[in-house]
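Work out the full structure: start from the sequences and follow the hints.
There are 2 protein chains.
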Amino acid sequence: MAELWRLSASEASARIGQGTLTALALAESCLARIDEREGEVLAWAHLDAQQVLTQARASDREPRRSPAHGIPLGVKDIIDTSDMPTQYGSPIYRGHRPRWDAACVAQWRAAGGIVMGKTETVEFAVRHPAPTRNPHNPAHTPGGSSSGSAAAVADFMVPVAYGTQTGGSVIRPAAYCGVVGYKPTFDLIPRAGVKPVADTLDTVGLIARTVPDVALVLSVLTDGSMPRFEAAGERTWRVGFYRTPFWDRLDAQSAAALEELASRLARAGAKVETPMLDGLERVWEAQQQVNEYETCRSFAYEREFFPEMLSAAIRERLASGSQCTLDDYLSARASIAQWQARLAEDFSRYDVLLAPSAPGTAPAGLSTTGDALFNRVWSALHVPAVTVPIGHGAHDLPIGAQVIGPFGKDLVTLALAERVHRIGAA
Amino acid sequence: MAELWRLSASEASARIGQGTLTALALAESCLARIDEREGEVLAWAHLDAQQVLTQARASDREPRRSPAHGIPLGVKDIIDTSDMPTQYGSPIYRGHRPRWDAACVAQWRAAGGIVMGKTETVEFAVRHPAPTRNPHNPAHTPGGSSSGSAAAVADFMVPVAYGTQTGGSVIRPAAYCGVVGYKPTFDLIPRAGVKPVADTLDTVGLIARTVPDVALVLSVLTDGSMPRFEAAGERTWRVGFYRTPFWDRLDAQSAAALEELASRLARAGAKVETPMLDGLERVWEAQQQVNEYETCRSFAYEREFFPEMLSAAIRERLASGSQCTLDDYLSARASIAQWQARLAEDFSRYDVLLAPSAPGTAPAGLSTTGDALFNRVWSALHVPAVTVPIGHGAHDLPIGAQVIGPFGKDLVTLALAERVHRIGAA
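In the order they appear, the protein sequences are chains V and E. Here the numbering used here is used: the first residue of the first sequence is -8, the next is one more, and so on. Here the numbering used here is used: the first residue of the second sequence is -8, the next is one more, and so on.
I should point out that these hints are in silico values taken from the structure, not numbers from a laboratory. Be careful, since some hints might not be right.
Here chain V is said to cover these stretches of chain E; the calculated rule only asks that three of the stretch's residues, wherever they fall, bring their Cβ under 8 Å from a Cβ of chain V [to be verified]:
| hint | stretch |
| --- | --- |
| 1 | 176 to 182 |
| 2 | 185 to 191 |
| 3 | 329 to 341 |
| 4 | 394 to 401 |
Simulated DEER-style distance windows between Cβ atoms [stated by the list, open to error]:
| hint | chain 1 | residue 1 | chain 2 | residue 2 | range |
| --- | --- | --- | --- | --- | --- |
| 5 | E | 10 | V | 297 | 24 to 34 Å |
| 6 | E | 295 | V | -7 | 29 to 39 Å |
| 7 | V | 86 | E | 267 | 41 to 51 Å |
| 8 | E | 297 | V | 129 | 37 to 47 Å |
| 9 | V | 9 | E | 42 | 54 to 64 Å |
| 10 | E | 313 | V | 229 | 33 to 43 Å |
| 11 | E | 336 | V | 273 | 14 to 24 Å |
Bear in mind the structure is a predicted one, so any value in this text is a computation, not a measurement. Here a beta-carbon is modelled for each residue, glycine too, at the ideal position from N, C-alpha and C.
Here it is as structure tokens:
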């Protein structure tokens, strides 16, 4: 059997459309890959091969419904599934079987897509690590909180997966694992059936190995619209290379890779400027206050009735949140709202911003999933962000670059992220 | 037994604090009131007297935890409860028992509050009416979608209740039933465990018979902060009497009552102006597009797997949503975001806006729950809104006035709404 598990979603979709590939063959190949690699990577919280094969056979029996038809997808275990356990990375919910599929899962099924299984998540997508390891080097974290989704896609177990991001939980693990991560405009992908963490920040995101694969999944979840990839290079594009106030916390190889990328973009015809966005530091603070306050309230049930089953890490976060006053919380939200409006104006001068995806390559060890420093602000500002791999740094681990677009301009942002990916990987 | 069911939450809380009232006596009195009136009003989707009495006895056995201690609360049946069925007004979820309490329910229990039962909701809080009748006249609708919560509070079955609002589902039924309704700054009360409808609009709200009772519940759900009611009259306050672009759709008695109220406020020392807010019409359109698009996606599971168990009314709404393109949806969200910023500037000239709560008194019949025309825009703009009863109109049914405050200024808005209530009811 050919290495069908290497196929991108777009390639597999095209072959299924042509009748040269069956959903069953693709699923069997991905299952074989998982069988070979899962012992080292530990990406899956639930995987039942028979359940996958049953879905694949059903998919092969019926007419093709969409580009998702027969494509296997990993679902972060913070997202409800009616036919698979959903444990949110917490012993409180051991064996929990939701009554419904989350809306995004139902949309995928309605489009003929296959749900491969549930991927490991940090406890409630907050802080306490999942067991998952970085497929590039099992001594390193894959990042989090969408740990299993990033590792499974990077390790060719599935071509695409769902994650969620409140601070940096899609972009960071995707960067650490050397794949593409997409955090849409806030709440673009429906959140019904997704366990809330910080409700004005949480966004369902997508992880894939290519930008067109991200776009394929997004098209199925919206109205079929695709980015105009071919048109993205037609005119001069304006890139704001934003080093952020924390450039000195970036490791040397990541900084060099970003600088080199900016130079390449300029040589490839982009107009590259370096905006300062003075005062944006306030949004970093505000995101933290909002995140802590809302997380503390979202878990009121677990805090009240199962405190002893919460990790020390999440208890600490919840305690911070309980210290934040209503006044500070509402002021933080108002600050963020003001910056959303200001950033919309700044974006009149740039098609996209370019910024680091993470402070460096994946840290050694599994006791932390790394730092969301370079992601939190974009989550708070509700703008779309895409990380694409642009090279390798320490320990030969991947480095990512983050492409950030204006609110609601997800398709243009994806098209330009694809250009950045090509230029960065060239 | 005295008519303890007439007590406001604040009065009952004070007596419980003083040791002159038990949670059990209060619960028994409210249960007796329900027993007498429920046959006509039909406010409750689930009510188990023994379950209530057990909670009340437990409450009486332990030290007072908060001002909510021993106070009975109605919970709209769109909000999850671990020990009571949660059916979302839909036959799809007949007998459904969630694994958890919604965060706002857990917060109430943690504060020592009593959950009286589940109140009737429009199917999935969207459109198809609940069986509930207006307690002022059973031939009229109580409004919706928080139908049971508004009717139960108005009919003295409970002093306070939770509702939810996406368009006008808290303010409208509260106005129709002659009680106080509060739709907070977007997403101020945690939504974990609340079934999503249109996720960038949905907000948990409160229904009570007085503004201080609303404030009591809010204080328990936040950090204990209360509005400074006594300070609200200390200086000249600025009221923007905003007739909206739809003043001609208001019935004559409601229009007259609002004009009279504005005059009274001016006589009582408020500086009353009449802002135009030109262009705000666009937000009405945008709210509708966002509402339809998101509702369609939120119910992807029910649409895919149980289409025949959905009402014709919701199927029609979902069909409208499926017609909205991604581009139109994102443009609508961007328009709303622009107006949020613009309104924040307009609010530099007003402490609050005054506007109609509904197009008139509660319509006759139970086939519709009335029109959210005067509410939708404030839901979209994420600002706090409070309706207070100011008199009676056609069929001697209640008329409400809506007080709208700046984003995040919920406590000030409640304090001024209390002044409007006193002046309007004088």
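So, going through the hints one by one against the coordinates:
| no. | hint | result |
| --- | --- | --- |
| 1 | 176 to 182 | holds (count 6) |
| 2 | 185 to 191 | holds (count 4) |
| 3 | 329 to 341 | holds (count 4) |
| 4 | 394 to 401 | holds (count 4) |
| 5 | E/10 / V/297: 24 to 34 Å | 33 Å, holds |
| 6 | E/295 / V/-7: 29 to 39 Å | 33 Å, holds |
| 7 | V/86 / E/267: 41 to 51 Å | 58 Å, violated |
| 8 | E/297 / V/129: 37 to 47 Å | 44 Å, holds |
| 9 | V/9 / E/42: 54 to 64 Å | 60 Å, holds |
| 10 | E/313 / V/229: 33 to 43 Å | 35 Å, holds |
| 11 | E/336 / V/273: 14 to 24 Å | 19 Å, holds |
Consistency with the previously given hints fails for number 7 only.
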